[in-house]
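Student: Spelled out from the first residue to the last, the chains are:
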Amino acid sequence: MTKPQLVPDRPTRYAPYDLAGGFDQDLGDPHRPDLPFFAGRLRELDALEAFPEDAVRLLDARELPAHYVPARHGGALRSYEDLLQLVRVVARRDLTVAIAHTKTYLGAVSTWVGGTAAQARALGERVAAGAVVSWGLTEREHGSDLLSGGLTATATGDGYRLDGEKWLINNATRSHLVCVLARTAPEGGTRGYSLLLVDKAELAPGTYTCLPAARTHGIRGADISGIAFSDARVPAGALIGEEGQGIEIVLRSLQITRTICAALSLGAADRALRIATEFGLEHELYGKRLIDLPQAHRTLTEAYADLLAMEAVTLVAGRGAHALTEEMSVTSSAVKYLVPSTVDELVSSMGQFLGARSFLSEEYAHGAFAKLERDHRIVGIFDGNSLVNLNALINQFGVLARGYRAERTDPEGLAVAATLSTPVPDFDPTRLDLTSRTGNSVTAALPQSVAELRGLAAGGEVPETLLALAEDVLEITDETHRQMASHRPTPRDVPAPAFSLAHRYTLCTAAAACLQVWLRNRDRVARDTAAVAGLWQDGLWLEACLSRLLERLAPGVLPAAAGDGRPAADSTAVLDRLMPLLLDQYRTGEMFSLLSFPLAVSPSALPSASQLLETS
Amino acid sequence: MTETAAETGGPAALESALGNADDPDNPLGFRSVLEADERAEILPEGEKALDAYGFNAEYVPKRLGGRLGGIERLMLMMRTVSRRDPTLALGYGFTNYISGSAVWTSGNDRQQRRMAEILLGGGRTAAGYNELAHGNDFTRTDLAAAPHGDRILINGRKQIVNNIGRADAVVLLARTGDGPGNRSHSHLFVDLADGPADRVRRDFRYPTVGLRGCLIGGAEFTDYPVPADAHIGPPGGAMETVLRAFQTTRAVLPGMMVGTSDTLLRTVTRFALDRRLYGRRVADLPHARSTLVGAFLDLLAGDCLSTVACRALHVLPGQTSVLTAANKYLVPKVLHRSSHALGTVLGAGSYLRDGTYGVFQKFARDLPAITFAHANASVCQATMLPQLPRLAATSWLRAQRPPAELFRLDAPLDDIDYQALELTSRGADHLTAMLGHPSAEALLPTATTRLTGLLRADLADLRERCLALPPREHSVVAGRAGFALADRYAQLAMAAACIGVWQDNQHSDDAFLRDPDWLTGVLSRIAARLGHDVGELPAPTERRLFEELISREESHEGYDLGRPQLSLA
Numbered sequence: 001m002t003k004p005q006l007v008p009d010r011p012t013r014y015a016p017y018d019l020a021g022g023f024d025q026d027l028g029d030p031h032r033p034d035l036p037f038f039a040g041r042l043r044e045l046d047a048l049e050a051f052p053e054d055a056v057r058l059l060d061a062r063e064l065p066a067h068y069v070p071a072r073h074g075g076a077l078r079s080y081e082d083l084l085q086l087v088r089v090v091a092r093r094d095l096t097v098a099i100a101h102t103k104t105y106l107g108a109v110s111t112w113v114g115g116t117a118a119q120a121r122a123l124g125e126r127v128a129a130g131a132v133v134s135w136g137l138t139e140r141e142h143g144s145d146l147l148s149g150g151l152t153a154t155a156t157g158d159g160y161r162l163d164g165e166k167w168l169i170n171n172a173t174r175s176h177l178v179c180v181l182a183r184t185a186p187e188g189g190t191r192g193y194s195l196l197l198v199d200k201a202e203l204a205p206g207t208y209t210c211l212p213a214a215r216t217h218g219i220r221g222a223d224i225s226g227i228a229f230s231d232a233r234v235p236a237g238a239l240i241g242e243e244g245q246g247i248e249i250v251l252r253s254l255q256i257t258r259t260i261c262a263a264l265s266l267g268a269a270d271r272a273l274r275i276a277t278e279f280g281l282e283h284e285l286y287g288k289r290l291i292d293l294p295q296a297h298r299t300l301t302e303a304y305a306d307l308l309a310m311e312a313v314t315l316v317a318g319r320g321a322h323a324l325t326e327e328m329s330v331t332s333s334a335v336k337y338l339v340p341s342t343v344d345e346l347v348s349s350m351g352q353f354l355g356a357r358s359f360l361s362e363e364y365a366h367g368a369f370a371k372l373e374r375d376h377r378i379v380g381i382f383d384g385n386s387l388v389n390l391n392a393l394i395n396q397f398g399v400l401a402r403g404y405r406a407e408r409t410d411p412e413g414l415a416v417a418a419t420l421s422t423p424v425p426d427f428d429p430t431r432l433d434l435t436s437r438t439g440n441s442v443t444a445a446l447p448q449s450v451a452e453l454r455g456l457a458a459g460g461e462v463p464e465t466l467l468a469l470a471e472d473v474l475e476i477t478d479e480t481h482r483q484m485a486s487h488r489p490t491p492r493d494v495p496a497p498a499f500s501l502a503h504r505y506t507l508c509t510a511a512a513a514c515l516q517v518w519l520r521n522r523d524r525v526a527r528d529t530a531a532v533a534g535l536w537q538d539g540l541w542l543e544a545c546l547s548r549l550l551e552r553l554a555p556g557v558l559p560a561a562a563g564d565g566r567p568a569a570d571s572t573a574v575l576d577r578l579m580p581l582l583l584d585q586y587r588t589g590e591m592f593s594l595l596s597f598p599l600a601v602s603p604s605a606l607p608s609a610s611q612l613l614e615t616s
Numbered sequence: 001m002t003e004t005a006a007e008t009g010g011p012a013a014l015e016s017a018l019g020n021a022d023d024p025d026n027p028l029g030f031r032s033v034l035e036a037d038e039r040a041e042i043l044p045e046g047e048k049a050l051d052a053y054g055f056n057a058e059y060v061p062k063r064l065g066g067r068l069g070g071i072e073r074l075m076l077m078m079r080t081v082s083r084r085d086p087t088l089a090l091g092y093g094f095t096n097y098i099s100g101s102a103v104w105t106s107g108n109d110r111q112q113r114r115m116a117e118i119l120l121g122g123g124r125t126a127a128g129y130n131e132l133a134h135g136n137d138f139t140r141t142d143l144a145a146a147p148h149g150d151r152i153l154i155n156g157r158k159q160i161v162n163n164i165g166r167a168d169a170v171v172l173l174a175r176t177g178d179g180p181g182n183r184s185h186s187h188l189f190v191d192l193a194d195g196p197a198d199r200v201r202r203d204f205r206y207p208t209v210g211l212r213g214c215l216i217g218g219a220e221f222t223d224y225p226v227p228a229d230a231h232i233g234p235p236g237g238a239m240e241t242v243l244r245a246f247q248t249t250r251a252v253l254p255g256m257m258v259g260t261s262d263t264l265l266r267t268v269t270r271f272a273l274d275r276r277l278y279g280r281r282v283a284d285l286p287h288a289r290s291t292l293v294g295a296f297l298d299l300l301a302g303d304c305l306s307t308v309a310c311r312a313l314h315v316l317p318g319q320t321s322v323l324t325a326a327n328k329y330l331v332p333k334v335l336h337r338s339s340h341a342l343g344t345v346l347g348a349g350s351y352l353r354d355g356t357y358g359v360f361q362k363f364a365r366d367l368p369a370i371t372f373a374h375a376n377a378s379v380c381q382a383t384m385l386p387q388l389p390r391l392a393a394t395s396w397l398r399a400q401r402p403p404a405e406l407f408r409l410d411a412p413l414d415d416i417d418y419q420a421l422e423l424t425s426r427g428a429d430h431l432t433a434m435l436g437h438p439s440a441e442a443l444l445p446t447a448t449t450r451l452t453g454l455l456r457a458d459l460a461d462l463r464e465r466c467l468a469l470p471p472r473e474h475s476v477v478a479g480r481a482g483f484a485l486a487d488r489y490a491q492l493a494m495a496a497a498c499i500g501v502w503q504d505n506q507h508s509d510d511a512f513l514r515d516p517d518w519l520t521g522v523l524s525r526i527a528a529r530l531g532h533d534v535g536e537l538p539a540p541t542e543r544r545l546f547e548e549l550i551s552r553e554e555s556h557e558g559y560d561l562g563r564p565q566l567s568l569a
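First to last, the protein sequences are chains A and B. All residue numbers for the first sequence refer to full-length UniProt numbering, where the first residue is 1 and numbers rise by one. All residue numbers for the second sequence refer to full-length UniProt numbering, where the first residue is 1 and numbers rise by one.
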């Protein structure tokens, strides 16, 4: 095992969790009806389709916008790990608020990626001062197909004239600035678009109109609207990057924003599992507490394991933005596909668990579950939907398969990405590539990780059951990459099976990320809560996560049946051992997490210990 | 289908009465449906139209003056409404039927006549089963009915009850004995028109995410008196009534949901034909085509199982306890997944409440809500599971093939006989014999031979597993392994239903139904769900299915087995 240099071997807490946890505590007790994040209030606003002004203002007052601005441009953003976790705690409280607020980061990121230092500093000052920035990419008739965009920017000598419309734009109406993708070459094409940062206050009256907000299924209070320009004049200085670089800057920026979307899903998953756990503890069925019925028990531990796996994936991806930046085209697409879709399923499963309550928009837990289920559905759609992200992976099958076969990794970058106690280097946007030339280090390290695990199993440090799962993962991952290698690139007619192959690839890469996180941190994690200690003991969480990922890689396959005195080999039984840890994190009000992640807790909301003690 | 044109009304007449769904000026069209949903109202013109049609007669047995004969027809009627508006289908009054079915099953003559009178007079009746504290566990019901002098007094609450606020009568599940046992509960027929209004509060409303317009309410009874003979069936006999009557509701609801899925599929098919992405029609992208074809197949498979479940109530009434539970468990699940996949093709359009495709999000919200409205997945799995070991021992791989009337869509059925329905299947399962019938292979298209072989092996494997299941694992407190077996059983029952429908309709004049493409497609999807690596559909099969999908969109035909003509007027 290669140990990264300069890392102390003493247990360390994970700083971003303490930062975000402190931020959450500053937001106050979410159960207090007089505070902006009270669920009952947010539900009312949702019903009225009213913007959550108070909650957004509170985030401004707590200086969340400073975390949208890189430190080098005068802000507080030093590591994307911090931003991920801040978004996660806000999303856990309310997705509409999180989506409405973080949009400013999305609007600004193109300037961090493609703008000049002066542009970035100027925008940084505006953002830190509370300016709302939106990102105008999509149009009514073209959806995710950016290369069909019809809004034009025509050079006028001293600037540009904008004509056309952007639609389904978060904060299009409320924003002060809009970063607009505009066609600058009549023929379009990958070099035919440019980005312009438009300050609405500087436009001549009548040259732009905000379009009425769309009526959406969820995030009803958010400002999902549009903006139409007609002979709107912007100065030459509004151009971000060079003319014709728009698509490229957008694609590089999306590598960051798609990674951050995972935080929205992680926050939603925590909330959904928490509501379901509470219900499982208080509801009785067939004379037992729901949580004590084996089927219900398993439903909760499955969700918990899925959440932990997605957390591991997100941690490596967020750190990877700094340490494996060149691979982000792969990482971000895999994360943006896998985390929201996994959490959509998790939320559905919790809905089944809650039964009719999940459909009551007011009655149960202030309708919070029903609202989050509707709200979360957008995460898999915006900022590049499932198909767009899978397609991005399919386009890189060749290099990914070759890199895997050669076990090609960036060992230092990988060690930093996976070792939570190592500080990450500053983010360097110039290292973002449109396609990864080296493949995916996390996945390519899988054979090595499994070899390492074999050594630990031989020394009795991990159970054989864990190793057996890892061997299964390796076998499936080998086969998946063989199939990816035989995929024939077809830019237009991507065959349907390639999408299911890409789906499997993301599950393999998630398993590889879990292994890396466990191997690189098992000696270092501060086991300062009972739950964290239990999760890391004997690789319990890793075994549970691999078991779930394998189930999803082989859906419908039953474990081998018992026979001839041989017991059934049910590798999913490990999930049951998660329950005490899940309940411990529920009881202490910490985030459901691999690590200690203290949050604002309401003393009155904590269940009594005696209520939980009866549970196995 | 089973009914002839000579019968009054029918799905075609009703569809015609509902008019063109896409006409923005049609007060019964999708535009109005969406507007009513926004107001969280049942489409008022829809209720008037169903009143005018006399829809309640569909719920009332012919012998009592209604039009209810075959359950399949009821299902197709409900499907016709739910293709237009699931909220109207459930909210107008499927609960009229749920409550009615308890009376048709066990009520005395007077109760049956009164129930029929209310419904045929255009009234509403509610099905008062649910208490939030106990969900689908009826054995824990708290609402109590106790004798008091020459009357019975009712005390307690019911929640999540459709139409209770405006019902003329309610069928109540009430505790009439101590303890959680099966003999402690009775059905009561409560004529709300007769009783003291001040002893019942029923102005509750539970707003819901799906079926927003439904008047989901509750009731709180305080010393509410009913006559001593208000029991439906013998005191303490509620569970027997439920176990019979709910077989019919579990057969109908999934078949009704096929109509909801029909509109979801049509909406996304239109999008795929209209929208251009990356320089071509979405319909020309292989992934979109494959998703659309998959949803079409899921809809057909769902129709096969729910049609067979409905017909089995007449043809194999001793075996429907398990079959209807399998139907109610699996069909909603398959349709729900399918709606997710369709949403992926529709993209942002799946999230918008208005615009050309706005109907999608409403139907996608309504679809899962229907599942919750009555007998959720766990309850149905828990009905199947305890019976599987006996089915395995008695029937699987050895039972006779069921009669062709089970599958023949044009074979007439006798009127439903609720008393013929058995509380359990007692090990009898003829449906799955379709997977292993000795002559099955000779009768099946060669394209499906490999698939049926896999499924037959799955049934053999399931048999071994069920026989080895320890008793604890086939009770309601079973673990995941037990529930997984119930899922597999339902999948195999669906496959068997598809095979039967294909085999026994070779005389049909519908060439598509006779052709093997759809059967290959549905079996392939079922085998994939059971963990088999079956690969993609053969290209010609997929092409044929996609052409059929487009052709039905262009000719305004439904996607289900009966390919009903959709109204254009």
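Rather than coming from a laboratory, the hints here were simulated on the basis of the structure. Any given hint could turn out to be false.
[As the list claims (entries may be wrong)] Simulated coverage check for chain A against chain B, where a stretch passes if three residues somewhere in it have a Cβ under 8 Å from a Cβ of chain B:
1. 281-288
2. 352-362
[Claimed, not checked] Listing some non-contacts, in silico: residues in chain A with all C-beta distances to chain B over 12 Å:
3. Ala50
4. Asp145
5. Glu345
Here a beta-carbon is modelled for each residue, glycine too, at the ideal position from N, C-alpha and C.
Student: Take the hints in turn and mark each one as holding or not.
Tutor: To see whether the hints hold, each was checked on the structure:
{"no.": "1", "hint": "281-288", "verdict": "holds (count 6)"}
{"no.": "2", "hint": "352-362", "verdict": "holds (count 9)"}
{"no.": "3", "hint": "Ala50", "verdict": "holds, 16 Å"}
{"no.": "4", "hint": "Asp145", "verdict": "violated, 5 Å"}
{"no.": "5", "hint": "Glu345", "verdict": "violated, 9 Å"}
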